[in-house]
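Student: Take a look at the letters that make up each chain.
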Amino acid sequence: MIQELLHPAIGLFFLDGLLVTLHIAVSSIVLSLIFGTVLGVAQYSQSPLYSRMATFYIDTVRNIPLLLFILVARFTTGLPPVHSGIFAMTVFTSAVIAEIIRGGLNSVHRGQWEAARSQGLSYYQTLRHIVLPQAFRNVIPPLLSQFTTVIKDTSFVWAVGVEELTGRGMIIMGKYGSTSQVFAIFGAIAATYFVVNYLLSLAARYQHGRLAARSY
Amino acid sequence: MKRQYFLLSLVVLFIISLLAMGCGGTAPSQPAKSDAAPEIKAIQDRGILKAGIKVDVPKFGYKDPQTGKIEGFEIDLVKALAKKLVGDENKIELTGTVAKTRGPLLDNGDVDLVVATFTITEERKQSYNFTDPYFTDGVALLVKKAGGYQSLKDLAGKKIGVAQSSTSRKAVQAEADKQGIKVNFLEYGSYAEVKAALDSGRVDCFSVDAAILFGYLDASTVVLPDRFSPQEYGAATKKSNVALAKLVNDTFNDMKKSGEMDKLLAKWGLK
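Sequence order for the protein chains is A and B.
Under our numbering, the first residue of the first sequence is numbered 47, with each subsequent residue one higher.
Under our numbering, the first residue of the second sequence is numbered 1364, with each subsequent residue one higher.
Since the hints were made in silico from the structure, they are not lab data.
Only a predicted model underlies this, so the values are computations on that prediction, with no experimental measurement involved.
Wrong hints could be hidden among the right ones.
To be verified - Going by beta-carbon spacing under 8 angstroms, a handful of chain A positions derived as facing chain B:
hint	residue
1	Ala55
2	Ile217
3	Gly220
The beta-carbon is built from N, C-alpha and C at its ideal position, and this holds for glycine as well.
Given these sequences and hints, build the entire structure.
Tutor: Below you can see the structure in the form of structure tokens.
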């Protein structure tokens, strides 16, 4: 019975789901990193308007479940299912990343600002060339942790019918899910998420090591 | 600077991929019939019938992992409708639905109709137009052979797994009340999860419509002979799409009269 599961076509079908997962995860990570950084900088800003607007967005989004964003985005944006998933995950993840970035900005010593400004750099030049690079270096571990969460959270989009990794596993289970296979399929889904996240953490650790070495 | 260009390229690539995916696959439009209702004319002008179907229910709507094709009795019904509406059974756009998304997809116009093991109920009729039933089945019980259960009575005090938003729970509860026994329910997101719960011993029984259960039958399980509360499946359309609802219903009734519906049921082992 279990041999049926080892058919190459089923493996390809499953891996195709992994590509959908990666498409959603990578797109939302890249977009969230951009929006999250803008939000984090806005929240850190001394302008009360920017700071309050960013704080309102972050507090609101972080207190609503991701699944709700996914359902609402699917039925209100008019985007295709995968893109509505990316949109919902970006809205949600950018709020989390904003908090991480704000923490990173806070961790940069105030003296760095003063030194840069005394050299004649503007606020944005100081932020871009002096403070943000250091902040990013400091927040690599929590950012990585958030990226792995994003990869795992993509499984929520199956709730609106997107056939990502978990969804493909469920479909395979629909036909081949007898007692022994069910756990083999669950195991394959879990192992695939683990491998992807483990490779990501290895890559990040390598990059973190390089950056740390360069800064001394 | 290199890193900035890399980041910028990623964003540009993403935007291009969004645009490319959004623009893909326009179909040649069909000659419009001037006397057709606006919702029917819209489908004919578009040249594609958009339907919400199941992708995880073997025999009804199932994406076969070996071929990658979505197949089943309900898919054949959608094809027959596409042939009538736009003149080609292959001019269909299928959207996978789950119990939670069937209604909203109709409401917001993502799909023209839903043919997805949708049980007709009085409550649902308030929100959507349903066709006459194209398939009638009873709620049944799938149990482990090793449990030695013979009927619902033997499941007194046991846990029964059902899918969220399904009508099975109500049907089994009504029958249990009638027989004067108490049963407990655990709800899961999909049929596959209920089956996994049965396999792992989290529930003692998996309950849904018999035809769906037969898709999950294996050497270690058995479907009990009990059948409760006949479940009738109908195709649903948005409440305001009255003309489309009539056309779909007429098409199905014609298929019943001509014997085509029976042929399809037999093809998928549902008769």
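Student: Each hint needs a verdict: does it hold in this structure or not?
Tutor: Going down the list of hints, with the structure as the test:
no. : hint   : in the structure
1   : Ala55  : holds (4 angstroms)
2   : Ile217 : holds (5 angstroms)
3   : Gly220 : holds (4 angstroms)
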